[in-house]
Amino acid sequence: MSKIRTLGEQIRRARIEKGLTQKQLADLLGVKNNSISDWEKGKSKPHVDIIELLMGVLDIDANTLLGWSEPEQRKAEAEALAKQILARPKVKEILPDIARMNDKDLEFLADFIKRLNKEG
205 MSKIRTLGEQ
215 IRRARIEKGL
225 TQKQLADLLG
235 VKNNSISDWE
245 KGKSKPHVDI
255 IELLMGVLDI
265 DANTLLGWSE
275 PEQRKAEAEA
285 LAKQILARPK
295 VKEILPDIAR
305 MNDKDLEFLA
315 DFIKRLNKEG
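Its first residue numbered 205, the sequence shown is counted upward by one per residue in the numbering used here.
Some clues are possibly wrong.
[Claimed, not checked] Below 25 angstroms or equal to it, Euclidean Cα-Cα: the simulated DSS-like pairs (lysine-lysine) are:
{"#": "1", "residue 1": "Lys308", "residue 2": "Lys322"}
{"#": "2", "residue 1": "Lys227", "residue 2": "Lys247"}
{"#": "3", "residue 1": "Lys245", "residue 2": "Lys222"}
[Claimed, not checked] Listed next, with one range per pair, are the computed distances between beta-carbon atoms:
{"#": "4", "residue 1": "Asp231", "residue 2": "Leu270", "range": "39 to 45 angstroms"}
{"#": "5", "residue 1": "Asp231", "residue 2": "Met305", "range": "17 to 23 angstroms"}
{"#": "6", "residue 1": "Asn306", "residue 2": "Lys279", "range": "27 to 33 angstroms"}
Quick caveat, the hints were computed from the structure, so don't treat them as lab data. Every residue, glycine too, gets a C-beta built ideally from N, C-alpha and C.
Required output: the full structure, derived from the provided sequences and hints.
See the structure below:
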């Protein structure tokens, strides 16, 4: 499973893929030269207004920039969770019933499970 990348790591990776130096990216975004370094090192984060510019300049979507689109990571996490769930026969048995529940009942069930886990 791949490592989850931070925003700074995503910015660095995308910048390098575009063949840009930190200074070139800073110039394109109209920010101070050290801003890019600070973002990439995790010392600070770009202002919300800059995120849209970053996406355009680096030609990436918000999910990728924020590290939310690692398909192999999501797939591996989903498979691990499914395996964990399906390994429990009783859980596997009640899944169809849970799937048919309305939102109100699901919320009640979720709260009930949280309380059980705190007490157990």
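How the hints compare with the structure:
1. Lys308 x Lys322: 21 angstroms, holds
2. Lys227 x Lys247: 17 angstroms, holds
3. Lys245 x Lys222: 19 angstroms, holds
4. Asp231 x Leu270: 39 to 45 angstroms: For Asp231 and Leu270 the Cβ distance comes to about 24 angstroms; the hint is violated.
5. Asp231 x Met305: 17 to 23 angstroms: Given range 17 to 23 angstroms: violated, Cβ gap about 54 angstroms.
6. Asn306 x Lys279: 27 to 33 angstroms: 29 angstroms, holds
This entry does not satisfy hints 4, 5, going by the numbered hints stated previously.
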